[in-house]
Amino acid sequence: METPQLDAAGDLRHLLTLDGLGRERITTLLDAAQALRPHALGRVAAQPLAGRTVVNLFFENSTRTRSSFHLAARRLGADVLDFDVGSSSARKGESLIDTLRNLEAMGADLFVVRHSESAAVAALAAAAAPATSIVNAGDGRNAHPTQGLLDLLTIRQHKGSDFGALTVAIVGDIAHSRVARSDIHGLRALGVGTLRIAAPANLLPAERWPGVEICHDVDSALRDADVVIALRLQRERMEEGLVDSLDGYWRDWGLTPPRLRLARPDAIVMHPGPMNRGVEIDDAVADGAQSVILAQVANGVAVRMAILAQLANRTAP
Amino acid sequence: METPQLDAAGDLRHLLTLDGLGRERITTLLDAAQALRPHALGRVAAQPLAGRTVVNLFFENSTRTRSSFHLAARRLGADVLDFDVGSSSARKGESLIDTLRNLEAMGADLFVVRHSESAAVAALAAAAAPATSIVNAGDGRNAHPTQGLLDLLTIRQHKGSDFGALTVAIVGDIAHSRVARSDIHGLRALGVGTLRIAAPANLLPAERWPGVEICHDVDSALRDADVVIALRLQRERMEEGLVDSLDGYWRDWGLTPPRLRLARPDAIVMHPGPMNRGVEIDDAVADGAQSVILAQVANGVAVRMAILAQLANRTAP
Amino acid sequence: METPQLDAAGDLRHLLTLDGLGRERITTLLDAAQALRPHALGRVAAQPLAGRTVVNLFFENSTRTRSSFHLAARRLGADVLDFDVGSSSARKGESLIDTLRNLEAMGADLFVVRHSESAAVAALAAAAAPATSIVNAGDGRNAHPTQGLLDLLTIRQHKGSDFGALTVAIVGDIAHSRVARSDIHGLRALGVGTLRIAAPANLLPAERWPGVEICHDVDSALRDADVVIALRLQRERMEEGLVDSLDGYWRDWGLTPPRLRLARPDAIVMHPGPMNRGVEIDDAVADGAQSVILAQVANGVAVRMAILAQLANRTAP
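Residue numbers (UniProt numbering), protein chains in the order written: chain A, 1 to 317; chain B, 1 to 317; chain C, 1 to 317.
Chain A on its own, in the form it takes in the complex (with noise of 0.2 Å):
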């Protein structure tokens, strides 16, 4: 399947989503992060973007995947500009395609963009200069293709790359979540063997997937799972009434030690942060040995490096 996120040429020009990206290209960027995961810590020696300005475009706060993107892009030796929106022209009425438009002409031609609205990246990608390239750093309830990206290669780097034979589960608020949606899509397109969604029922998400099973409770998706996702509640939801009560919640849905023992015993754990511990996961879970969290993190880092390396390789002046 076409995305608009590709160039005439069939090359990648935006990451905007993992929907339709396919394997291979998915695969591709693995690889490369994971070539670069030992320099995700420091510094690479050729600096592949030096002279090269990345600009973080948050529409909405995210202190930790901005300075991820940071740290990514500075490790590649880039400049990054971060453009505070909540102090800038924004305000006095510039429309974001104004925006980006200014800043391309500044001479930035990498953009790293988090909106809240499902498509206001979609529409800046469409609307950018040809030699630009935007990542989506969430949008909305509908894409983080990188955390995506850093879910399936913290999946791979601990079970292999046979997906198929992997049984994962996503438990939580599915319904609001950019970071369920990207991660279904890659896990489809690697052609995970079994992927199981769980929420409650007012959390649950009006799409369905082909072959992604339902669960209604939180111990018939983790039976057996390889992987277990936990998704961060927004405590936003119980104003909106779609939760009764935090104690309620983690009564019901918490991950706690005994709901983590009906998962294979070598079954690892992820979320994608910040976590609200004693809410959606338990401290013993959280910071436990099956636990995986803190390696998502730093393989966030590398995906990033390997995605802007990508992209600005396609613009190199």
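Hints should not be assumed to be uniformly reliable.
Claimed, not checked - Here are some, though not all, of the chain B residues that point toward chain C, as calculated from beta-carbon distances under 10 Å:
#: 1; residue: S95
#: 2; residue: N102
#: 3; residue: L103
#: 4; residue: E104
#: 5; residue: R277
What the hints assert, rightly or not - Label-pair ranges, simulated between beta-carbon atoms:
#: 6; chain 1: B; residue 1: S95; chain 2: C; residue 2: G211; range: 36 to 42 Å
#: 7; chain 1: A; residue 1: A284; chain 2: C; residue 2: G211; range: 48 to 54 Å
#: 8; chain 1: C; residue 1: A50; chain 2: B; residue 2: D7; range: 51 to 57 Å
#: 9; chain 1: B; residue 1: D31; chain 2: A; residue 2: D11; range: 37 to 43 Å
Stated by the list, open to error - Sample of chain A residues lacking proximity to chain C, with all beta carbon distances greater than 10 Å (derived):
#: 10; residue: A40
#: 11; residue: A127
#: 12; residue: E213
#: 13; residue: S220
#: 14; residue: A295
Note that these hints are calculated values from the structure, not bench results.
Quantities reported herein were computed from a predicted structural model and do not represent experimental measurements.
Where a beta carbon is used, it is the ideal one built from N, C-alpha and C, also for glycine.
Since the structure of chain A is already known, use the hints to place chains B and C on it.
Then chains B and C, alone, in the frame of chain A:
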């Protein structure tokens, strides 16, 4: 005319205003910016500001101008310290001058300063240590000299260097515009043929400049113009009662395609940004073939590189 | 005395406090800072921190101290990540320790931390990974060790290294001052001859230190002092009822030229900044010949370079 921005040897020490700077110095700066233009979109190989620190000291929000200076400084090799005044000691009651002296004591000697009061940047310059240079990034309604220079550079690129042959119209809220004042000073210094300013009666400035024509409607200002500079309407002008309604302003002063046809067919259209589309300028004009608005933005980086390089060179260790 | 800031080999791993650090370690740090002093105003040729990431993790606003650390780190070649806590996951309920672990997982191993609670920085240090070093940039009213070191360095530069021959007076709000505590610890470690602290009764600390004289008026503290350290009066002390009025404070405790004449004629005047001119210090004193306040600021960059270089060297890859 001597201005306090020159040092004892007559060299440029600060850039505070184009008023009195003179044709020769302005032309030298434009030539330097033009030479840097191809480098404005990426890092300069020789890094003349390597190891130097440029401080962005913005007492008034402006992500665009701050980003432009940031990129200009980085592309010359400087480190940039974005001194966030909103969360700084300025809030704790420290004076502007104490803030400056502290940053000087930390080894910074190039300051880019924006302030909402017209006299504030000159006051800082007067108090600065001998090795310090200050670039005015906009002070009250007084001056915005780098915007003036980038406007002159953009005009020269499109219309050649014989400013005496040109008719320039500046349209909009002249009274509150530091851009208009810097444009007027710069255009007069370069010997512009005809210079017209047009604004509603209560947005005309109190000052008069010899040879500058005052127009009370937009049509007479545009007639046969080579260059049209539209200014941003600050929305707070409506709250202040200076503008009856945005609709009325648009009807009487908006730069539309029919109005633009009053100008010369090869006239260029400029705007300092951010634009209020549908208030002072029509989409078809802003994005049309005569618009050089994004060229202004690109020239802004080159102009700021040129001025930073010149001032840094003066105090090179 | 052993403190948790040393590692198993007895080397400095974190800098949390000067309390118990000992004369030898302090002197070594001062010597290193003195050697870096000429470089504190520009980048060091050998970049010992190239490729390393220093995280500025400020849970309390302080643009000055953060800028000083930023410049110190950059001049050693490090990348600096200003982790903006105000807009970060800390707001989403993530614990301090999870924030630290995430940044460690991204490859950061040098943290500069400021927090409004006295125990918070030590708690982070206790939870940090083995390769991580933490510099306390001020925690509650507990400690501000780099300020203490820069004060010691400034005194040594002006008065020589025989601290036993010196009389030092610290004047102002001692009770709430982490600067006062770090100065007291440092001066006692270096064997200061006479150390006096002076404050209004309700701004005196509950602690007592052997040999430290308590003065109940400013005049008796200043008499024959070689060094006068004026402290900032937090304006909120008035709202708390600890100070009757700023005028009254100025009358009774303000450091004026007549009062300064009680000290030795060659006494130096110090202040950690930002100053409340006309509240705790007179312009004529702040800007007078005896003031070394800006020398303190310059020494601050050198001291921070020294400590970052030493800690980075410990964990150099």
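Of all the hints given earlier, name the ones this structure violates by number, lowest first. Hint check: 5, 8, 10, 14 fail, others pass.
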